Amino acid sequence: MIRLLCGSRDTALPGATAAGEALWLDRADVEHATGWVWKPQGMCRDDTCMPLPRGSPMASGDRLDIAAFWRHAGWPVVHDASSQLWVLGEGAAQRAEALASLQAPDFELPDPAGHRHRLSDFRGRRVFLATWASW
Amino acid sequence: MWQSLHEAAKDHGFTVLAVALDEPEAARRWIDAASPGFPCLIDRDHRVAELYNLVNVPQAVWIDEEGRIVRPPEVAGSTDGFRARDRVTKTVPADIVSQRTRVKAAYMEAVRDWAVRGAASPNALDPESVAARLSVPDASVAEAHARFHLGQALVRDGRADEAAAQFAEASRLHPQSWAIWRQSARKDDTGLASMPEFWARVDALGDRPYYPQPELAAVPPKSAP
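Chains U and A, in that order, are what the protein sequence lines are. Position in the first sequence (from 1) plus 16 gives the number in this note's numbering. Numbering-wise, this note's numbering puts 205 at position 215 of the second sequence, and it's gapless, one number per residue.
In isolation and in its complexed conformation, chain A is listed as follows:
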């Protein structure tokens, strides 16, 4: 997904750093198949989600050369278009497909522009804007992460039922986290947490987005940096 971005910008003092909020075996299968040219790390306890207050994938954070956040966690190019998919035929309306492609391309272009131009990019935010857009956890979210961590340890100890109880409590405390919910949810044959209970939880969002959209500034047309 990020390979072309990495290729386009890696010689400009940029790198993609992909973190899998996932079990090592499951993540490795995908990484082996994709053979990406950028660093991939595996975060089975969702440590990065706790540190950055993340709730879903893909979310991305833009970090400058000095280690400062120049864009806080945002949905990285995905849309709620999947919700329009026909659950029987699995087809998505053409206008939704177009929209998904457009949104993805616009996000990638924004990242590429920043990757190459850095602070000169209109989408590199000033500290006040980063602070205004940053979300921070409350005590319930903090406890949810602790229970998720406990649950993952219990899974590794083969104590599945106790783990399930911890995950259920974690989701009760932090209902906005799809990462916590989907990591322990039932999976289909391809490993996707897309069983009926997932769709029911998505439906329960009503008008609320699964993937809230970031506000991006238009970038200048591609030119040699």
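In isolation and in its complexed conformation, chain U is listed as follows:
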């Protein structure tokens, strides 16, 4: 069973197939697992669309090699030895652009009791965001 980690998503994909460095998903799984929508004009998110390279082997019928798309975009793709556990990471350029806006990136994480909270829950207060660790 293929499992795909993308941002904070963690999706089991019984319909996906992996072959070498390729990871084939159908249209619904692309959106479900990544948040990107595969439309005729390309891969779309919010108000941006990225066209697929013309005549590309990335798309085959109703399936997309999401790993090829990700690499084409310059974003990191890694997987385990069995090609069953994949991580589609955020690209450096996207991260850099987000930080350059100077808006503090939002996130959602659990507290010790497991309840989830977002940074944006604290909008309206000055926030001292401090990291620590037991190590």
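I should point out that these hints are in silico values taken from the structure, not numbers from a laboratory. In this text, all values refer to a predicted model and were calculated from it rather than measured experimentally. Do not rely on the hints blindly, as some may be mistaken.
[To be verified] Covered stretches of chain U, as calculated for chain A (at least 3 residues, CB under 8 Å):
#1 87 to 97
#2 100 to 112
#3 116 to 127
#4 137 to 151
We treat Cβ as the ideally placed atom computed from N, Cα and C, and that holds for glycine.
Please arrange chain A on chain U, whose structure you already have, making use of the hints.
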């Protein structure tokens, strides 16, 4: 560590938000013992480190009421004084102890001043200054975070050896990240990644800092806001 800061400023439209770049069980032990009055979140996949391009703890970001960064990630009051510790006796020279106390106090005072006075604080930076001090990741760092995320998932699946290989590659790609390295490094009895390999990696820094120091402006003496 931040409790007194939170207490001093929480009624001034301020909050500490502590994020543990850590495993839930390890973080919970500390949180339960400290019982802090401020929100604590647990980030086992180091998501916040990826989002903000962090490399160590403690690093802090100052965020205003509109969600804008007014101080980019910086070392939050810690110093390289620990490197002067005698590795046998574990003692630290007195002048180093004084320096650590001074630096910590100065940082806390700077945060408190901003917590209470906001944009009027000399240490709340204008956008140009924030942008100039912000560091952004490159492709190697981006891949390192992806491999760290994969490694953490493999750990949870009980696949320790494969995880170790991913962590090693992540550190190779992003050698500046102590968070990536220490999360998976061998720990001592108290859970601290302070084994000989840690000291060797610190020694390898040479003159480079473990905790680069932020430039802070002097704050006015404490007065009622």
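For each hint, the structure was consulted:
{"no.": "1", "hint": "87 to 97", "result": "holds (count 8)"}
{"no.": "2", "hint": "100 to 112", "result": "holds (count 9)"}
{"no.": "3", "hint": "116 to 127", "result": "holds (count 10)"}
{"no.": "4", "hint": "137 to 151", "result": "holds (count 14)"}
When each numbered hint is compared with the structure, no violation occurs for any of them.
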